[in-house]
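*Asks:* Knowing the structure of chain A, use the given hints to seat chain B on it.
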Amino acid sequence: MMAQIIQVGMADLRVAKAPDKLMSAGLGSCVGVCLYDKTAKLGGLAHVMLPASLQAKNVQNRAKFADTALDMLVDEMEKTGGNRARFTAKIAGGAQMFRFAGDSDIMRIGERNVQAVEENLRRHGIKLVAKDTGGNFGRTIVFDIETGDLLVKTIGHGERVI
Amino acid sequence: MISDFNQLSGLQLDALREVGNIGAGNAATALAQMINSKIEMTVPRVNILPLGEVPDLTGGADRFVVGVYLGVTGSARASILFVMPVENALHLVDMLMGRNLGVTQTLDEIEVSALQEVGNIIASTYLNALAMFTGLTLIPSVPALGMDMAGAILNAVLAQFGAIGDYVLMLETEFKKEGQDVVGHFFVLPEPGALQTILSALGVNG
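Same order as they appear, the protein sequences are chains A and B. Numbering-wise (my numbering), the first sequence opens with residue 1 and increments by one. Numbering-wise (my numbering), the second sequence opens with residue 1 and increments by one.
This is chain A alone, in the form it adopts within the complex (with noise of 0.2 Å):
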């Protein structure tokens, strides 16, 4: 079987199979957070917009907030034959990508979408296993479902594997 690459949008999320592998591109303030059941060899993404669904005016698309996007993501892996218990968790992205004069809340909003996803991570009892956040640079993240490890592209910052 032909494995394929699955691209994951803004505020949209995927759960997939070995071979298949995970592709959300250019994330800025945005977080890629992947889920990963080793022994089901199942993997899902979702690419994080904003910290909580509770500020917001309205929450029809659920996979844009941290909160219930990890919700979503977690029932997901689970219908597809996952284990709570065993996932684990990488994230990538949350940079700051203006060169600005002030902080307002649109400018913080990378490191605010790291926060929540942690700790929404840790309401789920999901232990984080690595992480690329901050930063002023996008990244381009690509999760191998075979083996579980996150590629992590940049332009000028280098290229990793965590």
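Any given hint might turn out to be false.
[Unchecked claim] Quick look at which bits of chain A chain B covers, simulated, 3 or more residues with Cβ under 8 Å:
hint: 1; segment: 9-23
hint: 2; segment: 28-36
hint: 3; segment: 138-152
Bear in mind the hints are in silico, worked out from the structure with no lab data behind them. Treat the numbers as computed from the prediction; the structure is a model and nothing was measured. For each residue, glycine too, the CB sits at the ideal point set by N, CA and C.
*Replies:* Leaving out everything else, chain B in the frame of chain A:
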């Protein structure tokens, strides 16, 4: 508040397009004066898109771009973005600084400042035209500049709209240098509440 953009009537969309046309026309003239060269522009499009599809407008989420961002406050809140492929931004700096084409290879402090000033002038010109037309007070913020993947540049700007809805409405114009490639894409994203204010001021409220 208009939360469902698809409920906008044809008349309202036409009015937005017309306002965008006047604003962008003035902005193109200002840009042309800055670089002493003719600038062409496309007829503005009114795009209503799910958040996730916005990066496609700039050629894909991992396209290497320069983005200049300004927030708009006053009677109607909005975001303004001028997005250019990096090679075009470097050419634009060459033209602004009177250098030979291809001389600028990196964006240091002075180049960043020059591009921010371009963003500033285009946005202010656009907003002045919009203000004259609608009688609204529109105040641009200090411009911010980012150089990276298009998706990454757009994230934080779109996050503000994500808190309100799943779709954004954006007025889009392409600026082209005479006989050459696109210089950049100019986007105006009114917030949903602001959209109503603008439509009322234009006399096409509902």
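*Asks:* Taking the earlier hints as the rules, which of them does this structure contradict?
*Replies:* none
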